[in-house]
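Asker: Let chain S serve as the given structure and place chain L on it in line with the hints.
Chains S and L, in that order, give the protein sequences. With UniProt numbering, letter number 19 in the first sequence gets 19, and the count goes up by one each step, no holes. With UniProt numbering, letter number 17 in the second sequence gets 17, and the count goes up by one each step, no holes.
One or more hints might be untrue.
As the list claims (entries may be wrong) - Calculated pairs, DSS-like style, for lysine-lysine (alpha carbon to alpha carbon, straight line, at most 27 Å): (1) Lys19/S <-> Lys50/S; (2) Lys6/S <-> Lys50/L; (3) Lys89/L <-> Lys17/S.
Think of the hints as simulated: they come from the structure by calculation, not from any bench.
Protein chains: 2
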Amino acid sequence: MESAIKTLVTTFLSSSKGKENLDSKSFQKLISSQFGSMMENAQDKEAVDKVMGDLDSNNDGEVDFTEFIILVGALTVACNDFFLEFNEKSETK
Amino acid sequence: MESAIKTLVTTFLSSSKGKENLDSKSFQKLISSQFGSMMENAQDKEAVDKVMGDLDSNNDGEVDFTEFIILVGALTVACNDFFLEFNEKSETK
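Excised from the complex, chain S in its bound form:
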């Protein structure tokens, strides 16, 4: 699990090129390259801009690490729900 946490940190830092925030372009690139199969519209610029707007709680036009982790948390919970549903369905067959 610790390696998973370090992956979240290092992937963000490489996308932000060591800076504390992701601008719109680097956020787009991170989403399309990292979440292509988890997020339906990961390649859709407008949809990703909307996600960015929702995350940017301090409205500085960028996404900082804490804001980013909220997205990761939501995706992780959605992934968990999917796993539980999948397990339930395979048990009732």
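Answerer: Frame of chain S; chain L shown alone:
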């Protein structure tokens, strides 16, 4: 990054033995086995019980996945802060 998210989900599910919640014993085991080097008192039952109490927002005496992800988020942000500080110090040398 997707593999990191799947690791968070599968590790929780294996610790909870497929159930939706972790009881105190399985939470203790997960923390001591997975976060030993990230959390100072990961082996201290009392300290881990306190963390569990803080996470258990619905007070059902267990930790569900969403409550658990809040801990992972906090650890990840702390890890990121450590990385940034470490980079800053090595740049000023």
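Asker: A separate judgement is required for each hint: does it hold in the structure or not?
Answerer: Results of checking the hints against the structure:
The straight-line distance between the Cα atoms of lysine 19/S and lysine 50/S is roughly 22 Å, inside the 27 Å bound, and the hint therefore holds. Taking the CA atoms of lysine 6/S and lysine 50/L, the gap is about 25 Å. The hint holds against a cut of 27 Å. A hinted pair counts as satisfied when its Cα atoms are at most 27 Å apart, and lysine 89/L with lysine 17/S qualifies at roughly 17 Å.
Hint compliance for this structure: no hint is broken.
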